[in-house]
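Everything in the sequence shown is counted per my numbering, starting at 1 for the first residue and increasing by one.
It is possible that some hints are incorrect.
[To be verified] Calculated cross-link-like contacts (lysine-lysine; reagent style DSSO-like; alpha-carbon spacing at most 30 Å):
1) K55 to K175
2) K9 to K154
3) K55 to K135
4) K175 to K107
5) K135 to K175
6) K9 to K175
7) K55 to K154
8) K154 to K175
9) K135 to K154
10) K9 to K107
11) K55 to K107
12) K135 to K107
13) K107 to K154
[Stated by the list, open to error] Cβ-Cβ distance ranges computed for the label pairs, FRET-style:
14) Y78 to S171: 29 to 35 Å
15) G14 to Y67: 22 to 28 Å
16) I74 to Q13: 17 to 23 Å
17) G14 to D59: 27 to 33 Å
18) K175 to V114: 26 to 32 Å
19) I11 to D63: 21 to 27 Å
20) D57 to A80: 39 to 45 Å
21) Q13 to F108: 27 to 33 Å
Rather than coming from a laboratory, the hints here were simulated on the basis of the structure.
We treat Cβ as the ideally placed atom computed from N, Cα and C, and that holds for glycine.
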Amino acid sequence: HSLTLSYVKNIAQGLYGRAHAGLLEPFFAGVGAEVLYKPAQWPIGIGLDIHRVRKRDYDMWFDLRDYETTVGHISLYYDAGGMFDIEVNAGRYLAGDWGATTTISRKFGSGWEVGGYVTLTDVPFDTFGEGSFDKAFYVSVPIDWIISSPTHSKRRLTLRPITRDGGANLSSARKLYRQIEDFQNSSFQR
């Protein structure tokens, strides 16, 4: 599925960085970096990520195909005091299209998360196909809720009408905010 080498560092107070390389996800391999500015007292975080990736072969071993691209996003994260979270990512996607994704979610004390997102890109509506843009609803279920054993693992179930190339994200991108949000969000401060 994936095989990566990652390095995460607290560069300065409120400034975090991550670099990783390898088989980043089932479909792409490459190198990437991410920087996040998120002081503990702020409900807002600002991030930047960039990746140079190449498509993996269909057997999902170590062979690579000819398709190569650069993807990157500027991201804004907002924690509305435990009521909901908003994330806006704007930049270049895997198919070379430019656009933005807006995600609104709600995290509950039990660890469950419910949310949805919408992605609009410069792919023309008639080319994109059904629905004209990417959208989905998701539920993130904490595994400890199912197996009654302490763990931070979660499984995300996504309801998406159709999958298209437009607005396709690299699944290993923008993980830094998720790593630090549990220690800096409004619930922790309360």
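Comparing the hints with the structure gives:
1. K55 to K175: holds (20 Å)
2. K9 to K154: With a Cα-Cα distance of about 24 Å, the restraint between K9 and K154 holds, given a limit of 30 Å.
3. K55 to K135: holds (24 Å)
4. K175 to K107: Given that 30 Å is the threshold and the Cα spacing comes to 17 Å, the pair holds.
5. K135 to K175: Satisfied, since the Cα-Cα distance of roughly 20 Å is no more than 30 Å.
6. K9 to K175: It holds: about 13 Å lies between the C-alpha atoms, which stays within 30 Å.
7. K55 to K154: holds (27 Å)
8. K154 to K175: holds (14 Å)
9. K135 to K154: holds (21 Å)
10. K9 to K107: holds (26 Å)
11. K55 to K107: Judged against 30 Å, a Cα distance of about 33 Å means the pair is violated.
12. K135 to K107: holds (19 Å)
13. K107 to K154: holds (13 Å)
14. Y78 to S171: 29 to 35 Å: violated (22 Å)
15. G14 to Y67: 22 to 28 Å: violated (37 Å)
16. I74 to Q13: 17 to 23 Å: Taking Cβ atoms as reference, I74 and Q13 lie about 22 Å apart, which means the hint holds.
17. G14 to D59: 27 to 33 Å: With a Cβ separation near 43 Å, G14 and D59 fall outside 27 to 33 Å, so the hint is violated.
18. K175 to V114: 26 to 32 Å: About 20 Å separates the Cβ atoms of K175 and V114, which means 26 to 32 Å is violated.
19. I11 to D63: 21 to 27 Å: With a Cβ separation near 35 Å, I11 and D63 fall outside 21 to 27 Å, so the hint is violated.
20. D57 to A80: 39 to 45 Å: Once the Cβ atoms are compared, 43 Å apart, the range 39 to 45 Å for A80 and D57 holds.
21. Q13 to F108: 27 to 33 Å: holds (30 Å)
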